[in-house]
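Using the hints, position chain B against chain A.
There are 2 protein chains.
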Amino acid sequence: MKLYGYFRSSAAFRVRIALYLKGLAPDTELVNLQAGDQSSAAYRTINPQGRVPSLEDDGAVLVQSMAIMEYLDEIYPDPPLLPVAAKGRARVRGIANIIACDIHPLNNLAILNYIKAEFGADTDAVNGWYRHWVKQGFDGVEPLLAESPETGTFCHGDAPGLADICLVPQVFNAQRFDCDLSGYPTILRINDACLKLDAVDQALPGNQPEAAGIA
Amino acid sequence: MKLYGYFRSSAAFRVRIALYLKGLAPDTELVNLQAGDQSSAAYRTINPQGRVPSLEDDGAVLVQSMAIMEYLDEIYPDPPLLPVAAKGRARVRGIANIIACDIHPLNNLAILNYIKAEFGADTDAVNGWYRHWVKQGFDGVEPLLAESPETGTFCHGDAPGLADICLVPQVFNAQRFDCDLSGYPTILRINDACLKLDAVDQALPGNQPEAAGIA
Numbered sequence: 006m007k008l009y010g011y012f013r014s015s016a017a018f019r020v021r022i023a024l025y026l027k028g029l030a031p032d033t034e035l036v037n038l039q040a041g042d043q044s045s046a047a048y049r050t051i052n053p054q055g056r057v058p059s060l061e062d063d064g065a066v067l068v069q070s071m072a073i074m075e076y077l078d079e080i081y082p083d084p085p086l087l088p089v090a091a092k093g094r095a096r097v098r099g100i101a102n103i104i105a106c107d108i109h110p111l112n113n114l115a116i117l118n119y120i121k122a123e124f125g126a127d128t129d130a131v132n133g134w135y136r137h138w139v140k141q142g143f144d145g146v147e148p149l150l151a152e153s154p155e156t157g158t159f160c161h162g163d164a165p166g167l168a169d170i171c172l173v174p175q176v177f178n179a180q181r182f183d184c185d186l187s188g189y190p191t192i193l194r195i196n197d198a199c200l201k202l203d204a205v206d207q208a209l210p211g212n213q214p215e216a217a218g219i220a
Numbered sequence: 006m007k008l009y010g011y012f013r014s015s016a017a018f019r020v021r022i023a024l025y026l027k028g029l030a031p032d033t034e035l036v037n038l039q040a041g042d043q044s045s046a047a048y049r050t051i052n053p054q055g056r057v058p059s060l061e062d063d064g065a066v067l068v069q070s071m072a073i074m075e076y077l078d079e080i081y082p083d084p085p086l087l088p089v090a091a092k093g094r095a096r097v098r099g100i101a102n103i104i105a106c107d108i109h110p111l112n113n114l115a116i117l118n119y120i121k122a123e124f125g126a127d128t129d130a131v132n133g134w135y136r137h138w139v140k141q142g143f144d145g146v147e148p149l150l151a152e153s154p155e156t157g158t159f160c161h162g163d164a165p166g167l168a169d170i171c172l173v174p175q176v177f178n179a180q181r182f183d184c185d186l187s188g189y190p191t192i193l194r195i196n197d198a199c200l201k202l203d204a205v206d207q208a209l210p211g212n213q214p215e216a217a218g219i220a
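Residue numbers (the numbering used here), protein chains in the order written: chain A, 6 to 220; chain B, 6 to 220.
Chain A with its partners taken away, still in its complex shape (with noise of 0.2 Å):
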């Protein structure tokens, strides 16, 4: 199993962070975003999307984090990224999704390059892009934690799953670009508890090995 990643992209971040509560330990192989690397022939052969992350594995590739979260918690079900019965698994699919649809897509690097390139964005119209998706998309994702029995310790119930497993790399990202998440005090306890697991703090940007020599 091979994971090309690159330690500051949120959907790499999700899928270490999968991989390392799962247990496993995949070869990686750095792809850097910032050098150019998702562009090049050889990489499109890869991932004709030019994208991360991918993961090989049995002789397949496969792309886009999400499906590579639910493959891994195919084959490798425990511990398990989503609850039994199809209501929990829709709700922690559906906080998910929020995340990995409407807020991650519109804050990634190429969205923030051409905004900048095209529509003259400086730093404060870019800031101001970033924070206003997230604000629409956390705006979403609090009260359907903060008003469901269903949340516990992580997104829903005492373990950590796919939710949790969104959460965390937006959060961090968020304060990167510091955003006000004052008005999130259910997603911001969430992710002090998923970052006192194991598996977030190895998956983090920083401990990566690549984080030494980016700047």
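Since the hints were derived computationally from the structure, they do not count as laboratory data. Keep in mind that the hints are not guaranteed to be accurate.
[What the hints assert, rightly or not] The calculated lysine-lysine pairs, modelled on PhoX-like cross-linking and capped at a C-alpha distance of 20 Å, are:
{"id": "1", "chain 1": "A", "residue 1": "Lys92", "chain 2": "B", "residue 2": "Lys27"}
{"id": "2", "chain 1": "A", "residue 1": "Lys27", "chain 2": "A", "residue 2": "Lys201"}
{"id": "3", "chain 1": "B", "residue 1": "Lys92", "chain 2": "A", "residue 2": "Lys7"}
{"id": "4", "chain 1": "A", "residue 1": "Lys7", "chain 2": "A", "residue 2": "Lys27"}
{"id": "5", "chain 1": "B", "residue 1": "Lys27", "chain 2": "B", "residue 2": "Lys7"}
{"id": "6", "chain 1": "A", "residue 1": "Lys121", "chain 2": "B", "residue 2": "Lys92"}
{"id": "7", "chain 1": "B", "residue 1": "Lys7", "chain 2": "A", "residue 2": "Lys92"}
{"id": "8", "chain 1": "A", "residue 1": "Lys27", "chain 2": "B", "residue 2": "Lys92"}
{"id": "9", "chain 1": "B", "residue 1": "Lys27", "chain 2": "B", "residue 2": "Lys201"}
[Claimed, not checked] Counterexamples of contact, computed for chain B against chain A with all Cβ distances above 10 Å:
{"id": "10", "residue": "Ala47"}
{"id": "11", "residue": "Ala105"}
{"id": "12", "residue": "Phe177"}
{"id": "13", "residue": "Ile192"}
{"id": "14", "residue": "Asn196"}
{"id": "15", "residue": "Asp197"}
{"id": "16", "residue": "Lys201"}
{"id": "17", "residue": "Gln207"}
Glycine included, every Cβ here is placed at the ideal spot set by N, Cα and C.
Frame of chain A; chain B shown alone:
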């Protein structure tokens, strides 16, 4: 079962296809996105994110189209929206998620309104933005389809599934924005096969009751 949707929402369109493929006919409630219904206090109690679709089933409200479709596939497994084998499931979810995470969220109404209001994007700039992300995503999807022996009449084999369900609304909207799709023959071939399905026809935006009253 009740679906909160809107004829022009790609995400609601997806869920309609999934429901009709499975022979389900839920009650529907219109959330008029042009009129701002999604932001009303009443709808926010259903869906705190203020997005469509939402699915009410048996006392629970589910959000996010991808989570809703996984739920439908779990409780109404026949016909399945995902293949049996884990690698096949990951392939289908990967293709579906390129669309659901990396194309559609960038091009929905809220985002287009933002770039008009905040960046002064005119019609050409909005169209350029829209087409750029369609191209970026479809450039990834086309080779995953064209170069795989697992592609059949549909994205994965000869029965429609989750990837096809995401493909159809994305092609539909790309055509509305006059995107040049000539570089994606496999996408177009599969889209044509999908359009022949009764479930897709029934789910088309123009075939929803509210389409008659809204320009």
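Each hint tested on the structure:
Pair hint lysine 92/A plus lysine 27/B holds up; C-alpha atoms about 18 Å apart against a cutoff of 20 Å. Among the hinted pairs, lysine 27/A with lysine 201/A is consistent with the structure: their alpha-carbon atoms are about 16 Å apart, no more than 20 Å. For the given pair, lysine 92/B sits about 15 Å from lysine 7/A by alpha-carbon distance, which is consistent with the 20 Å threshold. Restraint check: the Cα-Cα separation between lysine 7/A and lysine 27/A comes to about 15 Å, which is no more than 20 Å; the hinted pair holds.
Under the criterion of a C-alpha separation no larger than 20 Å, the hint pairing lysine 27/B with lysine 7/B is consistent with the structure, at around 15 Å. Distance check on the hinted pair: lysine 121/A and lysine 92/B sit about 38 Å apart at the alpha-carbon level, beyond 20 Å; violated. Taken as a hint, the lysine 7/B and lysine 92/A pair is honoured in the structure, with Cα atoms around 15 Å apart against an allowance of 20 Å. Restraint check for lysine 27/A and lysine 92/B: the C-alpha separation of about 18 Å stays at or below 20 Å, so the hint holds.
Pair hint lysine 27/B plus lysine 201/B holds up; C-alpha atoms about 16 Å apart against a cutoff of 20 Å. In this structure alanine 47/B is separated from chain A by more than 10 Å, as the shortest Cβ-Cβ distance comes to about 14 Å. Under the 10 Å C-beta cut-off, the non-interface status given to alanine 105/B relative to chain A is violated; the minimum distance is some 6 Å. The beta carbon of phenylalanine 177/B is kept farther than 10 Å from every beta carbon of chain A, the shortest such distance being approximately 18 Å.
Distance to chain A confirms isoleucine 192/B as a non-interface residue, since its nearest Cβ pair spans about 13 Å, more than 10 Å. For asparagine 196/B, the shortest C-beta to C-beta distance to chain A comes to about 19 Å, beyond the 10 Å cut-off, and the non-interface label holds. Listed as a non-interface residue, aspartate 197/B keeps its Cβ farther than 10 Å from every Cβ of chain A; the least gap is roughly 22 Å. For lysine 201/B, the non-interface assignment is confirmed: its Cβ lies about 27 Å from the closest Cβ of chain A, beyond the 10 Å cut-off.
At the 10 Å boundary, the C-beta of glutamine 207/B stays outside the reach of chain A, the nearest C-beta of that chain being 23 Å off.
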